[in-house]
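**Student:** So the chains spell out like this:
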Amino acid sequence: MNRGKYIIVTNNPLVMEKHGSTRNVIYKNLSYEGVLREVRDRIHEGHSMLTHPLSGSVKPNETPYKSIMLSEERRGIDERSVMLIENAIHACGKFEFKSDRYKPEVYKDFQLIDCTLIESGMASADALY
Amino acid sequence: MRLELGHIYIKDIQFAAESKIEDGILYVSEEALRAVALEDEKIKSVSFDIAKPGESVRITPVKDVIEPRVKVEGRGGIFPGVIAKVDTVGDGKTYALKGMAVVTAGKIVGFQEGIIDMTGPGADYTPFSKTLNLVMVCEPVDDIKPHDYEAAVRFAGFRVATYIGELARDLTPDETKVYETCTIKEGLEKYPNLPRVAYVQMLQSQGLLHDTYVYGVDAKKIVPTIMSPTEVMDGAIVSGNCVSACDKNPTYVHLNNPVVEDMFEQHGKTINFVGHIITNENVYLADKQRSSDWTAKLCKMLDLDGAIVSQEGFGNPDTDLIMNCKKIEAEGVKTVIITDEYAGRDGKSQSLADADPSADAVVTGGNANQVVILPKLDKVIGTLDYVTKIAGASEETLREDGSLEVELQVLTGATNETGFNKLSAR
Numbered sequence: 001m002n003r004g005k006y007i008i009v010t011n012n013p014l015v016m017e018k019h020g021s022t023r024n025v026i027y028k029n030l031s032y033e034g035v036l037r038e039v040r041d042r043i044h045e046g047h048s049m050l051t052h053p054l055s056g057s058v059k060p061n062e063t064p065y066k067s068i069m070l071s072e073e074r075r076g077i078d079e080r081s082v083m084l085i086e087n088a089i090h091a092c093g094k095f096e097f098k099s100d101r102y103k104p105e106v107y108k109d110f111q112l113i114d115c116t117l118i119e120s121g122m123a124s125a126d127a128l129y
Numbered sequence: 001m002r003l004e005l006g007h008i009y010i011k012d013i014q015f016a017a018e019s020k021i022e023d024g025i026l027y028v029s030e031e032a033l034r035a036v037a038l039e040d041e042k043i044k045s046v047s048f049d050i051a052k053p054g055e056s057v058r059i060t061p062v063k064d065v066i067e068p069r070v071k072v073e074g075r076g077g078i079f080p081g082v083i084a085k086v087d088t089v090g091d092g093k094t095y096a097l098k099g100m101a102v103v104t105a106g107k108i109v110g111f112q113e114g115i116i117d118m119t120g121p122g123a124d125y126t127p128f129s130k131t132l133n134l135v136m137v138c139e140p141v142d143d144i145k146p147h148d149y150e151a152a153v154r155f156a157g158f159r160v161a162t163y164i165g166e167l168a169r170d171l172t173p174d175e176t177k178v179y180e181t182c183t184i185k186e187g188l189e190k191y192p193n194l195p196r197v198a199y200v201q202m203l204q205s206q207g208l209l210h211d212t213y214v215y216g217v218d219a220k221k222i223v224p225t226i227m228s229p230t231e232v233m234d235g236a237i238v239s240g241n242c243v244s245a246c247d248k249n250p251t252y253v254h255l256n257n258p259v260v261e262d263m264f265e266q267h268g269k270t271i272n273f274v275g276h277i278i279t280n281e282n283v284y285l286a287d288k289q290r291s292s293d294w295t296a297k298l299c300k301m302l303d304l305d306g307a308i309v310s311q312e313g314f315g316n317p318d319t320d321l322i323m324n325c326k327k328i329e330a331e332g333v334k335t336v337i338i339t340d341e342y343a344g345r346d347g348k349s350q351s352l353a354d355a356d357p358s359a360d361a362v363v364t365g366g367n368a369n370q371v372v373i374l375p376k377l378d379k380v381i382g383t384l385d386y387v388t389k390i391a392g393a394s395e396e397t398l399r400e401d402g403s404l405e406v407e408l409q410v411l412t413g414a415t416n417e418t419g420f421n422k423l424s425a426r
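From first to last, the protein sequence lines are chains A and B. Every letter in the first sequence is one number past the one before it in this note's numbering, and letter 99, counting from 1, is 99. Every letter in the second sequence is one number past the one before it in this note's numbering, and letter 41, counting from 1, is 41.
Zero decoy hints are in this set.
Quick list of in silico lysine-lysine cross-link-like pairs, DSSO-like style, CA-CA up to 27 Å:
no., chain 1, residue 1, chain 2, residue 2
1, B, Lys145, A, Lys18
2, B, Lys221, B, Lys85
3, B, Lys376, A, Lys103
4, A, Lys103, B, Lys145
5, B, Lys98, B, Lys20
6, B, Lys379, A, Lys103
7, B, Lys42, A, Lys18
Covered, in the sense of this in silico footprint (three residues per stretch, anywhere, with C-beta under 8 Å from a C-beta of chain A), are these stretches of chain B:
no., region
8, 209-223
9, 243-252
10, 273-285
11, 315-321
12, 345-352
For the record, the hints were derived by calculation from the structure and aren't laboratory data. Backbone N, C-alpha and C define an ideal beta-carbon position, used for all residues, glycine too.
Make the full structure from the sequences, and use the hints.
**Tutor:** So this is what it looks like as structure tokens:
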């Protein structure tokens, strides 16, 4: 386990805004599933996943936002990370797509929830220093 | 520990000038309730309403459901570390007001949970259509942050429930149940031939609207530990989560956990109910590793033969569930896991986001993706403004005739993973 040093892959502008200057945040304009696929690519490059890809009870395709923490360093391919991300991508198919059907003010709340989820992961990771 | 739980049956709730319980009727002064709710300056206003089984009433967005209780003998008070001072509870005498609940509702974020219908098809799916509900809708002061609002509503609900519970302090219960646990040594001596079984309860612990508190401590920050199963009956665990209302445990479920109830029922007959292990469901994978390692270690240290593991939520917790199951089984302890399913609207998709061959004894609380049509009801307590933005709903949810097309996800307690509701599958 790589202690402390991590990157966050996100499509959530609030995570970028709040933590982009102090953490290694990679912001991409992707869908929820797009973030999962981006993370899968990075896992295959040797990063291991540090937070669960299905964090939060607002389901894939309901919230458009997803932030996932990966190890900064690259080692061999982490099989557990591969399995978790593949299962998460599979799970996206189970939920009706409706994340483009909300009123604008709701998106800020989705951003906030995703941000608190990844912040709980950051608190755990930072405590390992 | 030995807890006497006195049941006081509430047959009706009425607003009155003075708060009291008489002949099974709860009379509550709205003014007194309001004063209790408004003790927190973050709450600007609060309205109270009563919803009864069978009425054409929809309550939404529901945050928590709480059963009023009062501790009449023994250490501590109800909701230790939250309302009462921190002290170990679970011993002595407690009274519970049966047949009623305090329900908190209000907008915290723009997408909302959950729904309680008091009549119609929705009522069949939520256990809280059968209780007399005193509903409180809290409005916050302007420009409040969602975290502060969530905490204010949560605490206001506990304060009001405690206020009502206190009204029962000098009453005589209609019925009393006794729950008694043994120490490790006593259990071994008393039940040498019964299998040693514990309850492993997983607690939702991920962030805003996804949290649980144990004696006031955020469950994200605990390591797995052992409790006496009577402690939850005095409010040692309270809810701070409601997103995907179908499979989250409102405080009412923690107080009346059916796994604890049923294991006590079998204690000394078919099993030796050794204890109640609690663990969490954090998003950080190293936390999952640590918590599942510890849970399995505790099962081993207790020399268990079996463990019943209940989950709370879907997705992220599926991983904790499978890690717990696999590691506990690897210690030679048999497991039965209780979960629910997200198997798609047609029920044909894989139900969980994780799996393992050791998970070969599974009880399900139903498929949360199942679609239900909820007809328009005469009265809404709370607001329908957000009903299109709850998990399992969308802008098309509210149909022209006023009915709602939703997944079971939106109904509070519909697929509860402690078996609090009636849904399952074979």
